[in-house]
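Colleague: Each chain, written out:
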Amino acid sequence: MTSLFRWPSGWDPRETVRYMQREMDRLFGRAVAGDPRRVGGGTYPPVNVLNGPDEITVQCELAGVKREDIDLSITGETLVIKGTKRASVEPEDVRFQRRERGFGQFSRTIVLPDKVDADGVDAELKAGVLTVRLPKSEAARPKQVTVR
Amino acid sequence: MTEDSQDRSHVQASRARERGEEAFSPLVDIYETEDGTTVLLAELPGATPETLDMRVDKGVLTVSAEAPLPEVGEEYTPTYTGFVGGHFFRAFALSDEVDREKIEASLEDGLLTVKLPRAAAARTRKIQLK
Numbered sequence: 001m002t003s004l005f006r007w008p009s010g011w012d013p014r015e016t017v018r019y020m021q022r023e024m025d026r027l028f029g030r031a032v033a034g035d036p037r038r039v040g041g042g043t044y045p046p047v048n049v050l051n052g053p054d055e056i057t058v059q060c061e062l063a064g065v066k067r068e069d070i071d072l073s074i075t076g077e078t079l080v081i082k083g084t085k086r087a088s089v090e091p092e093d094v095r096f097q098r099r100e101r102g103f104g105q106f107s108r109t110i111v112l113p114d115k116v117d118a119d120g121v122d123a124e125l126k127a128g129v130l131t132v133r134l135p136k137s138e139a140a141r142p143k144q145v146t147v148r
Numbered sequence: 149m150t151e152d153s154q155d156r157s158h159v160q161a162s163r164a165r166e167r168g169e170e171a172f173s174p175l176v177d178i179y180e181t182e183d184g185t186t187v188l189l190a191e192l193p194g195a196t197p198e199t200l201d202m203r204v205d206k207g208v209l210t211v212s213a214e215a216p217l218p219e220v221g222e223e224y225t226p227t228y229t230g231f232v233g234g235h236f237f238r239a240f241a242l243s244d245e246v247d248r249e250k251i252e253a254s255l256e257d258g259l260l261t262v263k264l265p266r267a268a269a270a271r272t273r274k275i276q277l278k
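So the protein lines, in turn, are chains A and B. If you read the first sequence in my numbering, its first letter stands for residue 1, the second for the next number, and so on. If you read the second sequence in my numbering, its first letter stands for residue 149, the second for the next number, and so on.
Any given hint could turn out to be false.
Part of the chain B face toward chain A, derived, beta carbon under 7 Å [what the hints assert, rightly or not]:
(1) LEU175
(2) VAL176
(3) ASP177
(4) GLU180
(5) GLU191
(6) THR196
(7) VAL220
(8) TYR224
(9) GLY230
(10) ALA253
(11) ASP257
(12) LEU259
(13) VAL262
Hints in this document: simulated from the structure, not taken from any laboratory. By construction, the Cβ of each residue, glycine as well, lies at the ideal position given by its N, Cα and C atoms.
Chain B extracted, bound-state conformation (with noise of 0.2 Å):
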C-alpha cells in the first residue's frame, strides 16, 4: 500500500469506528455482589490502559479499546488465522442506582474488571420492627 492510500484507510477506519462499526464486541460476564455493587468483566486482549478509552455520558458506559496483535516481521507467513487484532466497543445501559463517582476500573491480562457501586440511598435497607 502506498503511504497516501494508508493514511486514508486508517482516516476510513477511524471515522467507522466512531460510528461503532468494524468493531468487535467483547466478551462480558455482568454480575451482582451481595452489597449491591454490580461488577462487569469484559474480555479485551491486546488492550492495554493507554488503549482503552472508558467514559460515562448520560447514563451510558462506553467501552472502547485498540487491540493490535503483536507485531510479525514480513518474513511470516500466515499458515493458520484463527483470530484478528482490531477495536472493540460496547455500550450498557446504567441505572439511576449507580453511584457514577464510585467507578473503579482494572484492565489485567487482557480482562477489564469495572465495580459500580450502587449508590447509598438505593441501598437496600432493612426495616426493624419495634
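Just chain A, with the same shape it has in the complex (with noise of 0.2 Å):
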C-alpha cells in the first residue's frame, strides 16, 4: 500500500525520527529521549521561570496534553509538574509513517528563586502553555528600606 506522503526511496524514515528527535531535544534542551513511554526524562516539560518583585511566574510547553493529565504540587519553594502525556491513538490500530512526539508520564521537579504563598497559586493552560503564578510570600517580598 503506497502511503499519502512521499518519501525519498532509499531512505530510512526511522533514521530520520531519531535525527528529528536528538534535534528537537536539543532545540528545546531535554535530555535526549531514552525509555520512548518516558517523556524527556526529567527534563520535560520545558520551563521558563520568570521572578517578579512580588511574584514568581512559571511557563510549561505542554501541548495535547489534557488538563485533568496534569498535576501540580507546591512546597515551600519548590513547584513539582507530574503528569501523562496520552498517545492519540493504540499503536496497534495504526501504522504509524512518522512519529516525533513523546507519549507518556512526565515529572518535573522546580526549584523557585523565592519561597511562595501555596495558597494564592493560580495556574492556567491556554493553547498547551501552562502558566502558573506564584505570589511570593511575605518575606521573599522586596521592602523598601529608609536611609536615617
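Mind docking these for me? Both chains are given alone in their own frames, and the hints should help you get the complex.
Modeller: The following block contains the structure:
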C-alpha cells in the first residue's frame, strides 16, 4: 500500500525520526529520549521561570496534554509538575509513518528562586502553554528601607 | 528599542518567515488508519486558530503558525529560560491519493489534528472470487 506522504526511495524513515527527535530535544533543551514510554527523563516539560518583585511566573510547554492529566504541587520553594501525555491512538490500531512526539508519564521539579505562598497560586492552561503564577510569601518580597 | 527599529525588525522577521527561516519545525506524528485515512498531529504550543495558517497548494500541505508566549510584565526577570515563543513552519508533500476536498483539521490545547482521507477511487478494494 503506498503511503499518502511521499518519501524519497532508499531512505530509512526511522533514522530521520531519531535524528529529528535528537534535534528537537536539543532545541528544546530536553535530555535525549531513552525509554519511549517516559517523556523527557526529567526535563519535560520545558519551563521558563520569571522572577518578579511580588510574584514568580512559571511557564510550561504542554502541547496536547489535557488539564485533567496535569498534577501540580507546591512545597515551600519547590514546584512539581507531573502528569501523563497520552497517545491519541493505540499504536496497534494504526500504522505510524512518522513518530516524533513523545508520550507517557512526566515529572519535573523546579526549585523556585524564592519562597511562595501556596494558597495564592493560580495556574492556567491555554493553547498548550501552562502559566503558573506564584505570589511570593511576605518575607520574600522586597521592602523599601529608609536611610536615616 | 525605538519604534523605528522595532518596525524594521518586525518587517525583517516576517520576510524571513516567508522564506521559512527562523521558524521552529513542530514535532509531528503521522499515522494511517485502517480505512486509509492519514492523520497528522503537530504540536504548536501557543498557537490558536487565529494565528494558524494551513493551506494545500500544488500537492504541498503547509502549516504555519504564530505561537507567542503569554505576555509577562517588564518587572519580571528571567531566572531560567527553557523555551521561547516564535513561529512554527513545516511543509508536507501529499500524494495524489489524498482527497483534498475532504481534509479536516482542528486545533486544541496547542495540538493540531489534520485528517486526510484517501480518495474513494484510491481505496483498496477486495476482489471477490466467484
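Colleague: Look at each hint and say if it fits the structure.
Modeller: Hints and how they fare:
With a cut of 7 Å, the hint placing LEU175 of chain B at the interface with chain A holds, because the nearest CB-to-CB distance is about 4 Å. This hint holds: VAL176 of chain B has a C-beta 6 Å from the nearest C-beta of chain A, less than the 7 Å allowed. Checking ASP177 of chain B against chain A: minimum C-beta separation of about 5 Å stays under 7 Å; hint holds. For the restraint placing GLU180 of chain B at the interface with chain A, the shortest Cβ-Cβ distance is roughly 5 Å, inside the 7 Å limit, so the hint holds.
The interface hint given for GLU191 of chain B is met, as the beta carbon of that residue sits about 4 Å from the closest beta carbon of chain A, less than 7 Å. A distance limit of 7 Å between C-beta atoms decides the matter here; for THR196 of chain B the minimum to chain A is near 5 Å, and the interface restraint holds. At its closest, the beta carbon of VAL220 of chain B sits 5 Å from a beta carbon of chain A; the interface hint therefore holds under the 7 Å criterion. The beta carbon of TYR224 of chain B comes within 4 Å of a beta carbon in chain A, closer than 7 Å, and the hint placing it at the interface holds.
The beta carbon of GLY230 of chain B is positioned within 7 Å of a beta carbon in chain A (closest approach about 4 Å), and the interface hint is therefore held. The interface hint given for ALA253 of chain B is violated, since its Cβ lies 14 Å from the closest Cβ of chain A, which is over the 7 Å cut-off. Below 7 Å, beta-carbon pairs count as interface contacts, and ASP257 of chain B has one with chain A at about 5 Å; its hint therefore holds. Taken as an interface hint, LEU259 of chain B checks out: its beta carbon lies about 4 Å from the nearest beta carbon of chain A, inside 7 Å.
The interface hint given for VAL262 of chain B is broken, as the beta carbon of that residue sits about 11 Å from the closest beta carbon of chain A, more than 7 Å.
When held up to the earlier numbered hints, the structure conflicts with 10 and 13 and fits the remainder.
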